Amino acid sequence: MSTQQQEPEQPESQETPKDPEMKGAESPVDEKEKETGEIDQTTADETELEGETVLIKVFRYDPEVADKQEPRFDEFHVPFEKGMTVLDAVMYARDHYDSSLTFRHSCRQAVCGSDAFFVNGKQRLGCKTQMADLEHPVRIEPLPHQEVVKDLVVDMDHFYDQMHTVEPYLQQDDLPTGDLEEQRQSRENREKIKMSTRCIWCGACMSSCNIAAGDNEYLGPAAINKAYRFAMDDREDEEVKEHRLRIIEQEHGVWRCQTQFSCTEVCPKDIPLTEHIQELKREAVKKNLKFW
Amino acid sequence: MYEHDVIVVGAGGAGLRAAVAADEAGADVALVSKLHPVRSHTGAAEGGINAALREGDDWELHAYDTMKGSDYLADAPAVETLTQDSPEDTITLEHWGMPFSREEDGRVSQRPFGGLSFPRTTYAGAETGHHLLHVMYEQVVKRGIQVYDEWYVMDLATTDEDDPNERECHGVVAYDVQSGNVEGFKANDGVILATGGPGQAFDHTTNAVSCTGDGHAMAYRAGAPLEDMEFIQFHPTSLPSTGVLISEGVRGEGGILYNNDGERFMFEHGYANNDGELASRDVVARAELTEVQEGRGVNDEYVHLDMRHLGEERILDRLENILHLAEDFEGVDGLIEPMPVKPGQHYAMGGIEVDENGQTCIDGLYAAGECACVSVHGGNRLGGNALPELIVFGKRAGRHAAGDDLGEPQIRTGYGDDVEDETDTELPVQPGSAGLDGSGGVAADGGMTADAEGILERQVESAREHVDYLMEKDTGVQHAEIRQKLQNAMTDYVNVFRTEEGVKKALKLIRECREEYQDVYVDDPSRTFNTDLQQTIETRNLIDVAETIALGALVRNEFRGAHWRQENQIRDDENWLKHTLISWEEGEPKIFYRPVILEGEDKTYEPKDRSY
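Residue numbers (full-length UniProt numbering), protein chains in the order written: chain S, 1 to 292; chain B, 1 to 612.
Worth flagging that the hints you see were computed from the coordinates, not collected in a lab.
Among the clues, some could well be false.
[To be verified] Calculated lysine to aspartate or glutamate pairs in the DMTMM-like style (CA-CA distance at most 20 Å, straight line):
#: 1; chain 1: B; residue 1: Lys473; chain 2: S; residue 2: Glu64
#: 2; chain 1: B; residue 1: Lys142; chain 2: S; residue 2: Glu242
#: 3; chain 1: B; residue 1: Lys142; chain 2: S; residue 2: Glu236
#: 4; chain 1: S; residue 1: Lys192; chain 2: B; residue 2: Asp317
#: 5; chain 1: S; residue 1: Lys194; chain 2: B; residue 2: Glu320
#: 6; chain 1: B; residue 1: Lys142; chain 2: S; residue 2: Asp237
#: 7; chain 1: S; residue 1: Lys194; chain 2: B; residue 2: Asp105
#: 8; chain 1: S; residue 1: Lys82; chain 2: B; residue 2: Glu301
#: 9; chain 1: B; residue 1: Lys142; chain 2: S; residue 2: Asp173
#: 10; chain 1: S; residue 1: Lys192; chain 2: B; residue 2: Glu103
#: 11; chain 1: S; residue 1: Lys192; chain 2: B; residue 2: Glu320
#: 12; chain 1: S; residue 1: Lys194; chain 2: B; residue 2: Glu103
#: 13; chain 1: B; residue 1: Lys142; chain 2: S; residue 2: Asp174
On a predicted model such as this, the values are computed, not experimentally measured, just so you know.
Let the sequences and hints guide you as you build the complete structure.
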């Protein structure tokens, strides 16, 4: 038994990105449009889209493939279904039109943090963004300010390195003795760190941050938030807290933040990143820690 | 070639825990995973970790609940190990900084869960798995354990003696997703498979796209049997449009299920007169589908889960994540309306047959977590028992592989004198290899003579050829088409309610998928981050795993736990107090049975009627 495979459909058109500099070294920054990314008033109503196809324009780049070495946009018409997300749309395009369309994704429920893309000029999780909430056609690009590996896949190594820099693990050797004794933590303290522990390492914040774009050594919002998560956790002792503050108040730490709130705006987990950074600044001041 | 003492494949909860344990035991350990660790699907677990921590509770009660929940198909030594070790291993997570929800006195909170006689589910909001995964990864960072992330393990490097019990595993073959390079990873002391579930064999699943049963398929082809694969848990509360999971915690906190007539059907239609919504998952899933089939479903598809009466404060405190999921993936505000839910594939109780130390019948090959079957879940897993399995058996496998003495296991593995061959069932089609599909499993030849390096090199060579073949082929069938057909076959015919006729149809369709796979090709010509290639290889694994699920469902003609058969709707203890085992022998599945162990340390768990 065999089936005849039809030729995969070619994308209907290809478009060269407006930014001619974008040779895979960095993803498009100029493309950032002046929009807030909030649900657009002009978007089509979901019911209007039903039974229609939606147009997505997807960034393509592959250093190995001749006609993809020059970045371009491919257009795909995808049949709309109620509840369709940006991730659903690119998966449909991949599975039905072009199996080489490449992006990271896994859980489909906003917890693995794999599919942060630059959608209509804003960092968003593909799986959590409804097509019906966007202005059409929908433009899907890799996260800006990170090297593009291929299509929508960016190199996350620098992001991970920054996360590791802040010693992201609880430092407490003096544990309760006796059988099965946990460390005590008040509900208030757990509440205090709760939002900071929700980070899924998607990298949207770092990509949205102008400071991180200009200073490669800047720890960035996610790593500082990780430091906050431990610095505010009462299960660590005062001297560890001071050690943590010294890490984040150095030259490329919290003081770089200019409170533009771009990270807070794009965080898919609604973590108040800018507030956390500000609070650490205040803590550092209280302890008279200033790198300068 | 890379070389370490212990190679852990997969970096979710079980893999990370195994790596930390092996590291603590002094081994040079490396994690090899197709995902960066924090992307693993453990992160999607919501409910919690069952552990007998409090006064009034003890491990024996937890063991009793688990044996009952399993419908007496779990092995008592495995269950007792789980329930004895879970308290300490849960507290270890707290010591590592896990942000558990807390009581007024600052101790970790516990809540009621389905099938439990004591509220022993320890939790961190409704995102327990996320915190467990991250806290464990933090420990890996702290210890400087080597992680090869975005390396896709294709196959094991094992010797090829005729008897799988005499084979040895010396490492794995993987390719670097970023560059496409195929390399060997030599394991001096052991390989631990921790690759998670096979949920992508089904169409409607709570599982991630990455849950493709890779470890199952690799171990199977290398000769380790898969155990009780027919036992698939369908979670009663997944969102209808996407399969996204709504935690059992909602019902644990008091959430109520209603049908389209507004009836609280778990009670009003007598499915579980004592426990209602908190009956075991298989009971609730069948009840929901029965309501729909009898015309009382909402939109003929689902039922309603209502938590509004719990009040905003309590919902925000304990179930906030559920509000986000219902809003983002179903467009429903759980504070002002009930949430639509229906059963979705959620968990595989079965898996690679291992003993309490995580060992398979192949020397040096271990498995832990969802891909393994110790077995602690038997016919049905209780909510809150998956996460303790990860940490307890992940740790044990890691320690054992690193050389720690954990004592003699009670559970036997592999084909032996205590098994019984399957002889009765007529198969509708010839299962197993269709012939040409490359990577066959065990190393080519000379099991007794070849050294570890030689075996690994040969396996690397064969994997490279296989990749070249897939990449160079220009026409044929694409994996997505085959995968969809496979998923539809499983969801149509090997779902909550199973019939002999339906399962046979599924086996025929699986056979067709296998034959179509002979003509599969990879369209993306690039070696860089070729997900087309990766998914093509995953699809082969899904076919192998789906076939074992369907074979198990066909031979087990009874109703036990999550497995329901129309032709024999009773739990048939006389004939079926035994595990189904399927091993790959010369390209064909061989089916046999091993008796379940109901004798614990001090007592025997007598099968009783399982009513809730």
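Structure versus earlier hints - violations, ascending order: none
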